[in-house]
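Starting from the given sequences, assemble the full structure and let the hints guide the process.
Each protein sequence line maps, in turn, to chains A and U. Counting along the first sequence from 1, when you hit position 292 you're at 1517 in this note's numbering, and nothing is skipped either side. Counting along the second sequence from 1, when you hit position 150 you're at 512 in this note's numbering, and nothing is skipped either side.
Be aware that one or more of the hints could be misleading.
Rough simulated footprint, nothing fancy, chain A against chain U, three-plus residues with beta-carbon under 8 Å [unchecked claim]:
{"id": "1", "region": "441–455"}
{"id": "2", "region": "646–659"}
Covered, in the sense of this in silico footprint (three residues per stretch, anywhere, with C-beta under 8 Å from a C-beta of chain U), are these stretches of chain A [what the hints assert, rightly or not]:
{"id": "3", "region": "1429–1436"}
{"id": "4", "region": "1507–1516"}
Honestly, the hints are just simulated from the structure, not real lab data. For glycine and all other residues, C-beta sits at the position ideal for the given N, C-alpha and C.
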Amino acid sequence: MLTGSFNRLAVALAAAGLFFGGQSLSLAQTDTPSVIWQKQAEQDVVLVKGLAAKATRWSEDQWRKAFKVSVESGDLTSSLSLPPMLGSYDIGETSVTFTPQFPLTPGLKYRATLQLQRLPDYPGKPALLSSTHTVPAMVVEPTTIVQAVYPSANVLPENLLKFYLHFSAPMSGGHIYSHIHLLNSDGQPVELPFLEIDEELWNPEMTRLTLFIDPGRIKREVKPLEDIGPALESGKSFTLVIDKEWRDGRGAPLKETFRKQFKVSPPDRSAPDPKKWAIKPAPAKTQKPLIVTFPKPMDHALAQRLMWVTDADKKHIAGDVTLSDAEKRWEFTPNQAWQPGRYLLNVQNTIEDLSGNNIGKPFEVDLFEKVEKRISSETLSFPFEVK
Amino acid sequence: MKQLPRILSTLCAAGLLVTSASAANWTEGMKAGKADVKSVSQLAFGPEGILFIADSKSAAVFALDTGDKKATPAATLKVEAINGKIAAMLGTSADQITITDMAVNPISHNAYIAVARGRSASAAPVIIRVDKSGKLEAVSLDKMKFSKAVLPDAPVDGVVGEGNRKSNPRMESITDIAFLEDRVLIAGLSNEEFSSSLRAIPFPFKTVANGTSVEIYHGAHGRFETRSPVRTFVPFKVGNEPQLLAAYTCTPLVQFPMKDLAPGAKIKGKTVAELGNRNRPLDMIVYQKDGKDYLLMANSSRGIMKISTDNIEGVESITAPVGGGGTKGLGYKTIDSWTGVEQLDRLDDKLALVVRRDENKVMTLESLPLP
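Listed below in structure tokens is the structure:
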């Protein structure tokens, strides 16, 4: 949609001391070119037409100096002090087309300015012409919600390492931490509980944010914990709040503020032990799930990514994984019915529980006396039989 | 956004340092064309105007031959409302852009600013060059000579694509990048595993594939070895020994020798300072003043810390808790007047270049005398 209008720039010209053409383009005459906003192939472009000479008479560099497009920033003087927009100039015989490098932003007003006196030896009347174009603001209904927060349990260990926030649609990033709060049982915010990093740990689609608890508030013997204590305290209750003012990828706020209340249990510094996991195979010739139950909740993302099923020859079995029962129950539903035989449940030892402890190695290890020379990342396999 | 320490860069600029590295053809393996950069997380300059671009979305590092290698002395610089000016160039409003990093070309002393245009998953990466007169110009990624190194995926990714999951939600954000001698050093933070990865990739990149990359983990601060990620780091030298100083997200400052970096190695660093609560490191530079060595660290508490590293060899590793609000290790002071510093690099021997943000979210690019 075009909302272009043509203006006389008396103020700007007086300020800039420029020669004033004095023609309103709505009354365009043959010797006055026009500046026209158009949509071409779904993109907003600006054209200069009706020149008194062939446009090719001037170089691209000369056109860049004479024909500029900029964001309107309120007053004209400050608009003129801003650098022009990046874009390409297509110089034809009778017209010049400016295509912005990036799509225009809804809700903003743009101004294209042509200063004919900047085209050397322009044969027609020198004039300053301009045309504005406002991109309509998008009206977007708030529909996006916080779909889930993991861990889903309502009792979490004091040394909880992270939350995963799952949104129903792609979100927007940049200064997100002002929308995330941890409140104590009095409703007072906990000071700086999260690791706030500019990089913002999103998945590629920006539907999941990983929120680490400030590691300085979890680890023993580091100064923040010594000085001000943990972010979460055993025995107390907390609420994680996600403000609805957070905008989604379309620019709409969330449909509602999200709250997750939970209680805090003592810190967990024990490594997960797969020997304590219960593996319950499904009957052969069915597509019922293989069920693995953990004695304690596991990390939602890692339990999905770092556990998989193979046959006895280590060939992958395709299927879907779901987690339930506060991430203590892992279910694998194969794409095709189970065949009788031996299978393997494979687990990478870097899988973590809620406190970042992984198999065979708690989050914190006393290594004062010895340092392991190599990093070990290995896969553990647990056989089971389908009958 | 790291430069070589002063002495080294001075020698390089003067052409006095003839090493195997300077004999190397730094643009070896580069091809002209469109560099398919999906995001610009971090910037760092290498030799001869080569700009390293860390692209978290692509899990890759690009080396771009900017051609910006005409030696010119640094000058004081101040560009007010730089975020508004960049937004105008990109045809949008200041709230729709994010400045993700800034690096100074140590040869030309032009500043390079990494910008994300837009705040959604489709945000476009842009690099803006600011010259000494304060003029802004977009750096084209379409035509320059470049090479690319894809990062090896740190943890073994057993199932993606084959088994359970159709798409991989795991991403690694590159939190810092630096060039030292003939290696690009990369610190990353995963959005799933809470692990520290610090990689060193030989440059020029030998192949586009990950074959030549090495992968380095390290840990240790004090008694407890943990998997805390490195937030930012800076290469420097103690005597002739190249070292890294790494600031962790949980605030210890750890030193370790570069020679210990070897594929799969696990290094026990030396904790030389504990910075304490609210000090979340963003950027570090090293410099000398009056013959003494210093480290300048920007942190998110909106102050800046000046840390004396002169006695770094003599400092004993902190192996016991530093309680009661006290400090141990290297001494430091907070410079309150440098408020709102979000990006920091060294402009020359006397000046730092910073991007500061005021209460009204207006950002200024300016040079400040090194304290």
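Hint check results:
no. : hint      : verdict
1   : 441–455   : holds (count 9)
2   : 646–659   : violated (count 0)
3   : 1429–1436 : holds (count 5)
4   : 1507–1516 : violated (count 0)
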